[in-house]
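Chain residues, written in single-letter form:
Protein chains: 4
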Amino acid sequence: MPAPALTADEIADLLHEIFPQVVYPGCGISLERVDYGDVRVRRQFQETLLRPGGTVSGPAMMQLADFAMYVAVFSAVGRQPEAVTTNLNINFLRKPGHADLIADARLLKVGRRLVYGEVTIYSEGEGAPVAHATSTYSIPNADN
Amino acid sequence: MPAPALTADEIADLLHEIFPQVVYPGCGISLERVDYGDVRVRRQFQETLLRPGGTVSGPAMMQLADFAMYVAVFSAVGRQPEAVTTNLNINFLRKPGHADLIADARLLKVGRRLVYGEVTIYSEGEGAPVAHATSTYSIPNADN
Amino acid sequence: MPAPALTADEIADLLHEIFPQVVYPGCGISLERVDYGDVRVRRQFQETLLRPGGTVSGPAMMQLADFAMYVAVFSAVGRQPEAVTTNLNINFLRKPGHADLIADARLLKVGRRLVYGEVTIYSEGEGAPVAHATSTYSIPNADN
Amino acid sequence: MPAPALTADEIADLLHEIFPQVVYPGCGISLERVDYGDVRVRRQFQETLLRPGGTVSGPAMMQLADFAMYVAVFSAVGRQPEAVTTNLNINFLRKPGHADLIADARLLKVGRRLVYGEVTIYSEGEGAPVAHATSTYSIPNADN
Chain W
523 MPAPALTADE
533 IADLLHEIFP
543 QVVYPGCGIS
553 LERVDYGDVR
563 VRRQFQETLL
573 RPGGTVSGPA
583 MMQLADFAMY
593 VAVFSAVGRQ
603 PEAVTTNLNI
613 NFLRKPGHAD
623 LIADARLLKV
633 GRRLVYGEVT
643 IYSEGEGAPV
653 AHATSTYSIP
663 NADN
Chain A
523 MPAPALTADE
533 IADLLHEIFP
543 QVVYPGCGIS
553 LERVDYGDVR
563 VRRQFQETLL
573 RPGGTVSGPA
583 MMQLADFAMY
593 VAVFSAVGRQ
603 PEAVTTNLNI
613 NFLRKPGHAD
623 LIADARLLKV
633 GRRLVYGEVT
643 IYSEGEGAPV
653 AHATSTYSIP
663 NADN
Chain E
523 MPAPALTADE
533 IADLLHEIFP
543 QVVYPGCGIS
553 LERVDYGDVR
563 VRRQFQETLL
573 RPGGTVSGPA
583 MMQLADFAMY
593 VAVFSAVGRQ
603 PEAVTTNLNI
613 NFLRKPGHAD
623 LIADARLLKV
633 GRRLVYGEVT
643 IYSEGEGAPV
653 AHATSTYSIP
663 NADN
Chain X
523 MPAPALTADE
533 IADLLHEIFP
543 QVVYPGCGIS
553 LERVDYGDVR
563 VRRQFQETLL
573 RPGGTVSGPA
583 MMQLADFAMY
593 VAVFSAVGRQ
603 PEAVTTNLNI
613 NFLRKPGHAD
623 LIADARLLKV
633 GRRLVYGEVT
643 IYSEGEGAPV
653 AHATSTYSIP
663 NADN
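Residue numbers (the working numbering), protein chains in the order written: chain W, 523 to 666; chain A, 523 to 666; chain E, 523 to 666; chain X, 523 to 666.
Bear in mind the hints are in silico, worked out from the structure with no lab data behind them. Note that the structure is predicted; figures quoted are calculated from it, not measured. Misleading hints may appear alongside valid ones.
[Unchecked claim] Quick list of the computed label-pair ranges, beta carbon to beta carbon:
hint	chain 1	residue 1	chain 2	residue 2	range
1	A	Gln543	E	Pro524	42 to 50 Å
2	W	Arg616	E	Arg616	38 to 46 Å
3	W	Thr570	X	Glu554	25 to 33 Å
4	W	Pro542	X	Arg555	44 to 52 Å
5	E	Gly649	X	Arg555	56 to 64 Å
Glycine included, C-beta positions come from ideal geometry on N, C-alpha and C.
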């Protein structure tokens, strides 16, 4: 496996630059591991993520899946902030607990224009995943 | 086509009750039309929804697609606040402009336990859709 | 809506040329309507398509969905036999009867390199769809 | 991990019983490994699976993905021949070569009524996958 195109710290800086209102110290999101095309992102538990039934809302998990893929894309193709999701397919498997969410994103294809991968989301302390997503990102500046 | 199980006003009240911090007067989301299994939701344009490249972020559109399906589910099966997404598959087709987003959700199956439909999202003033989603909701209290 | 890039007869001839062992007079597949990006394909009922429970097999419907998209791609971009599926997502909604299957494919995006559409499959004589698919095709020769 | 509910030989016998015209000695499909919710199926290369561009057709890979999931379902829930696909989402990643296809199916959720898993398809002799699918099966007799 090659070295990641950007380190965890470089990606965290890039994310803060791109989304200053979303990613900042204390925002509750952290990059726990960044290898080439294989990353782990943690989303700290917050009461505001809950929905009826006391479970974390679907959109909060979709956003986390999309975010983890974005980090994985950076880990493989480097500084491409205009990379955009073209497809995301998510299946919700179990109710997450009142705990941090951990998202493992792993790329299965790194093409010049398209990157495809899967994201498995866990609720901290449980072995079985709470959600599983697949996603394709497009790299708009691939031809530059 | 049968009458909707709940009217637009009844669904808006229910949503405010379920998600008081998300759905309230002036929040920028409105239910424009509610027929049985066929609804239109409008998301007012806000600068905070933008991402690099000046386009509305993917998660904002995922959230809107999921929300429109939730409204469509209520229009068909009535007051089931614990209905949960089990699958959402979204394709991003074009960059939305700096304009309101309009989501048309239409159910293709209303089963006792599972509801399936599609959501087409438009950027106001443009004819071609910006995103298209399909989604399955599960009705947990179906057996009650 | 523009005229289709190829007529139903031209597409049928092209399909026979590409897949002589699959598409030929009497094979059970017919193109019932070809408009620009909007086509109807009929698959004649055959006992060999059945699976346990007496219903048409999933793969037979996947193949039909993929085939109807292929026809829709030709209707919009013309003679591109090397167009390939990059994604197909299919949901099975109801058990089809012992009847012909009718697939309506409709394109939502016709890009230079990617074409996206949806396919709704009906069992003849029933109003509610038996399956619904979305699919992306890639046009490999787009740059030629 | 528990023992599989059925062995490879028991599943092969069951498949032959269910689909005598598809699964039989010499048909080109073999079950290479059957663990609980984790199986490998091999599809022997045949010229008839090819499509324009000299690559294995999409529907042949969809069928293989669906078949591998079916085997994985049996490995976890036992003799349930009426289990049916409710969703299959497949992404085609690379052109397979003129070689056997190997499908690894792995279940991520084994519920009472719904089983969810992913299938990764390889072309023999290549490290990177040619296709990746996720799928949900429904177990109709779950209540018996």
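Verification of the hints:
no., hint, result
1, A/Gln543 / E/Pro524: 42 to 50 Å, "47 Å, holds"
2, W/Arg616 / E/Arg616: 38 to 46 Å, "27 Å, violated"
3, W/Thr570 / X/Glu554: 25 to 33 Å, "48 Å, violated"
4, W/Pro542 / X/Arg555: 44 to 52 Å, "49 Å, holds"
5, E/Gly649 / X/Arg555: 56 to 64 Å, "45 Å, violated"
Hints 2, 3 and 5, counting from the list given before, are not met by this structure.
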